[in-house]
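Chains A and B supply the protein sequences, listed in that same order. Counted from 1, the first sequence has number 132 at position 26 by the working numbering; the numbering is strictly sequential. Counted from 1, the second sequence has number 43 at position 23 by the working numbering; the numbering is strictly sequential.
By construction, these hints were calculated from the structure, which means they are not laboratory data. Just so you know, even glycine gets a beta-carbon here, dropped at the ideal spot from N, CA and C. Any given hint could turn out to be false.
Said to hold, decoys possible - Examples of chain A residues lying across from chain B (beta carbon under 8 Å, computed):
no., residue
1, P114
2, F116
3, G146
4, M147
5, L151
6, Y154
7, A156
8, G159
9, T206
10, Q207
11, F209
12, P211
13, G212
14, L215
To be verified - Here are the simulated DSBU-like cross-link-like pairs (lysine-lysine), alpha carbons at most 35 Å apart as the crow flies:
no., chain 1, residue 1, chain 2, residue 2
15, B, K25, B, K57
16, B, K74, A, K120
17, B, K76, A, K120
Read off the chains here:
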Amino acid sequence: NAGVTQTPKFQVLKTGQSMTLQCAQDMNHNSMYWYRQDPGMGLRLIYYSASEGTTDKGEVPNGYNVSRLNKREFSLRLESAAPSQTSVYFCASSEVAPETQYFGPGTRLLVL
Amino acid sequence: DQQVKQNSPSLSVQEGRISILNCDYTNSMFDYFLWYKKYPAEGPTFLISISSIKDKNEDGRFTVFLNKSAKHLSLHIVPSQPGDSAVYFCAASESSGSRLTFGEGTQLTVNP
Chain A
107 NAGVTQTPKF QVLKTGQSMT LQCAQDMNHN SMYWYRQDPG MGLRLIYYSA SEGTTDKGEV
167 PNGYNVSRLN KREFSLRLES AAPSQTSVYF CASSEVAPET QYFGPGTRLL VL
Chain B
21 DQQVKQNSPS LSVQEGRISI LNCDYTNSMF DYFLWYKKYP AEGPTFLISI SSIKDKNEDG
81 RFTVFLNKSA KHLSLHIVPS QPGDSAVYFC AASESSGSRL TFGEGTQLTV NP
């Protein structure tokens, strides 16, 4: 059981470039989440998917889009990266919302 | 507005002593509370939770206390061990909701 996996582990982008962060879980969980972690700000919810086929905005959705590809996979896309999006991004899943969430190892993103 | 607040960015204790981490919340609709632990370069991992129908929950060396009237919860670690050195996040949710709201985190350092 791998749990929650995220790719890539680290990425450097130039301002204006686009990229997709991938997340997959093998626990048959219904709900999936994307967070960003910044110093002194805790974990802030970007988008979540309470169940397959649904997505909703979280606290800080601007500049991001998501796709719940199937029950296992939930991707986060930056269409035009900005330096303010430099952060560590975590994907998480839970059997049902809003119970205990299981987190992936994170993706460190640097936007120059 | 910050609905879940951890006012202490850092805490340092001696090995064997008690560590007390605090968390305050403002949303009276929160009825489920969790603590997560995060090591560097890893995702957060679930530690312990408590429902609002209880005022205490214990799991080994970890105890969470909930004071609903004060909208305050705390995590006690007894005895503290160097391996407990990590960032601790408290989180809260509404049972009717779909998401967790996290605090800013407290860096705990346990000195040998």
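Hints and how they fare:
| no. | hint | verdict |
| --- | --- | --- |
| 1 | P114 | 14 Å, violated |
| 2 | F116 | 10 Å, violated |
| 3 | G146 | 6 Å, holds |
| 4 | M147 | 6 Å, holds |
| 5 | L151 | 6 Å, holds |
| 6 | Y154 | 6 Å, holds |
| 7 | A156 | 5 Å, holds |
| 8 | G159 | 14 Å, violated |
| 9 | T206 | 5 Å, holds |
| 10 | Q207 | 6 Å, holds |
| 11 | F209 | 3 Å, holds |
| 12 | P211 | 5 Å, holds |
| 13 | G212 | 6 Å, holds |
| 14 | L215 | 14 Å, violated |
| 15 | K25(B) to K57(B) | 16 Å, holds |
| 16 | K74(B) to K120(A) | 50 Å, violated |
| 17 | K76(B) to K120(A) | 49 Å, violated |
Figure legend: structure checked against the earlier numbered hints; hints not met, in rising order: 1, 2, 8, 14, 16, 17.
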